[in-house]
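S.K.: According to the working numbering, the residues represented by the sequence shown are 4 to 350, in order.
Do not take every clue at face value.
As the list claims (entries may be wrong) - Here are the simulated DSBU-like cross-link-like pairs (lysine-lysine), alpha carbons at most 35 Å apart as the crow flies:
#1 26 x 6
#2 131 x 26
#3 116 x 5
#4 187 x 244
#5 19 x 180
#6 6 x 87
#7 5 x 139
#8 187 x 60
#9 310 x 349
#10 87 x 134
#11 26 x 143
#12 60 x 131
#13 87 x 143
#14 349 x 261
#15 113 x 244
#16 26 x 180
#17 113 x 134
#18 268 x 182
#19 224 x 287
#20 52 x 116
#21 19 x 143
#22 268 x 349
I should point out that these hints are in silico values taken from the structure, not numbers from a laboratory.
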Amino acid sequence: MKKNIVFFEVRGGSDKGEDGHRKDTMPMVNALKEQGWNAEVIFFEVEKKDEIYEYVKNNADAYVSRINPGNLKEENEYFDMLRKLCANGVIGMPHPDAMIGYGAKDALTKLNKTALVPEDTYAYYDIKTFKESFPKTLAKGERVLKQNRGSTGEGIWRVRLIDELESGATSVPLNTKIKCTEAKDNHTEERELGEFMDFCEQYIVGDNGMLVDMTFLPRIKEGEIRILMLYHTPIYVVHKKPAEGADAFSATLFSGAKYRYDEPKDWQELVDWFLATLPEIRSKLGNYDIPLIWTADFILDTDENGKDKYVLGEINCSCVGFTSPAEFVEPIAKKVAQNIIDIVSKN
């Protein structure tokens, strides 16, 4: 055992502090050093990927990826390097295919036959399927379209009809007027369905392009519930209440949502239920080890008996931060360091 951990970052991006690092990276590095381990940050550069690979393979027990995919144009080359490292015995936190499996929006479709996600949740990987299917799903009621890329609500659209369809209609005509609200800032546009679908083609083309189509859950207005996970352990729960307004549904800070930070015990029923589903989540998302730092977002719904139930809306694991509230950073960093040591020692 080398007792050395590499943290991968990339230069630039709005998630960096004055020192050029993510604000939660150096607290983790320092916490490992306090435990007698070495830890270092390497900035990924595609031109140096072979040199970086050789260095990490020969000098590190594990890596921790702290790169926001939105800040990295060469994501596929980065993932290829991480796969090679994992194949050569370096422990991936997480493995790149776990990042894809958990973090891609179509994780929801892989879980849509579980209690976590409604069955009428679909993923579109080509424009033809999207244009054939979406008018039919929209005919059943309000929908949410989510692009695979982007962050802070960009490319996530609530879509609804302005006027009701004729009785018995099973598909929405392309010239039908619709209201589209983007989660990025809760702005609403009135468009025709056909023109809006043409606009959405941009989300499907290109590497890892796709759109997820799911039922809009109106109880999002009561707030989204995010569980911050450190490996198998919940650290805290964030209750994210969207801004007031008839169209507002986004639970991001950028859109005016209000955040409240609770202890896991304040949401014991949800937390216990979610933890019990972890083996099923792992098996359906590629059977890779659970990510080191990740989140699961839930929205309230109502079951057929009128009782509350929770619906999984999204999983994030590519580069989950824990910089807010500020007083949480150091304690969580120490817990992260201990988890890293435990995982490496176990392997």
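S.K.: None of the hints should be skipped; say for each whether it holds.
M.R.: Structure-based check of all given hints:
For the given pair, residue 26 sits about 23 Å from residue 6 by alpha-carbon distance, which is consistent with the 35 Å threshold. Taken as a hint, the residue 131 and residue 26 pair is broken in the structure, with Cα atoms around 43 Å apart against an allowance of 35 Å. Under the criterion of a C-alpha separation no larger than 35 Å, the hint pairing residue 116 with residue 5 is inconsistent with the structure, at around 43 Å. Note on residue 187 and residue 244: the hinted pairing holds, with a Cα-Cα distance of about 15 Å set against a maximum of 35 Å.
Our distance criterion of 35 Å between C-alpha atoms is broken by residue 19 and residue 180, whose separation comes to about 42 Å. Note on residue 6 and residue 87: the hinted pairing holds, with a Cα-Cα distance of about 20 Å set against a maximum of 35 Å. Our distance criterion of 35 Å between C-alpha atoms is broken by residue 5 and residue 139, whose separation comes to about 56 Å. Proposed proximity of residue 187 and residue 60 is contradicted: the alpha carbons are some 40 Å apart, above 35 Å.
The suggested pairing of residue 310 with residue 349 is violated, with an alpha-carbon distance near 42 Å, which exceeds 35 Å. Using a Cα cut-off of 35 Å, the hinted pair residue 87 and residue 134 is violated, with the two alpha carbons roughly 38 Å apart. The suggested pairing of residue 26 with residue 143 is violated, with an alpha-carbon distance near 44 Å, which exceeds 35 Å. For the suggested pair residue 60 and residue 131, the alpha carbons sit about 43 Å apart, so the restraint of at most 35 Å is broken.
As the CA atoms of residue 87 and residue 143 are separated by approximately 46 Å, the hinted pair breaks the 35 Å bound. Between the alpha carbons of residue 349 and residue 261 the distance comes to roughly 40 Å, so the proposed pair goes past 35 Å and is violated. Annotation: proposed proximity of residue 113 to residue 244 holds, straight-line Cα distance about 27 Å (limit 35 Å). As the CA atoms of residue 26 and residue 180 are separated by approximately 45 Å, the hinted pair breaks the 35 Å bound.
Between residue 113 and residue 134 the CA atoms are separated by roughly 21 Å; this keeps the pair inside 35 Å, and the hint holds. Proposed proximity of residue 268 and residue 182 is contradicted: the alpha carbons are some 39 Å apart, above 35 Å. In summary, the hint linking residue 224 to residue 287 is supported, as the alpha carbons are separated by about 30 Å, within the 35 Å threshold. Annotation: proposed proximity of residue 52 to residue 116 is violated, straight-line Cα distance about 39 Å (limit 35 Å).
Taking the CA atoms of residue 19 and residue 143, the gap is near 43 Å; set against the 35 Å cutoff, the hint is violated. The straight-line distance between the Cα atoms of residue 268 and residue 349 is roughly 28 Å, inside the 35 Å bound, and the hint therefore holds.
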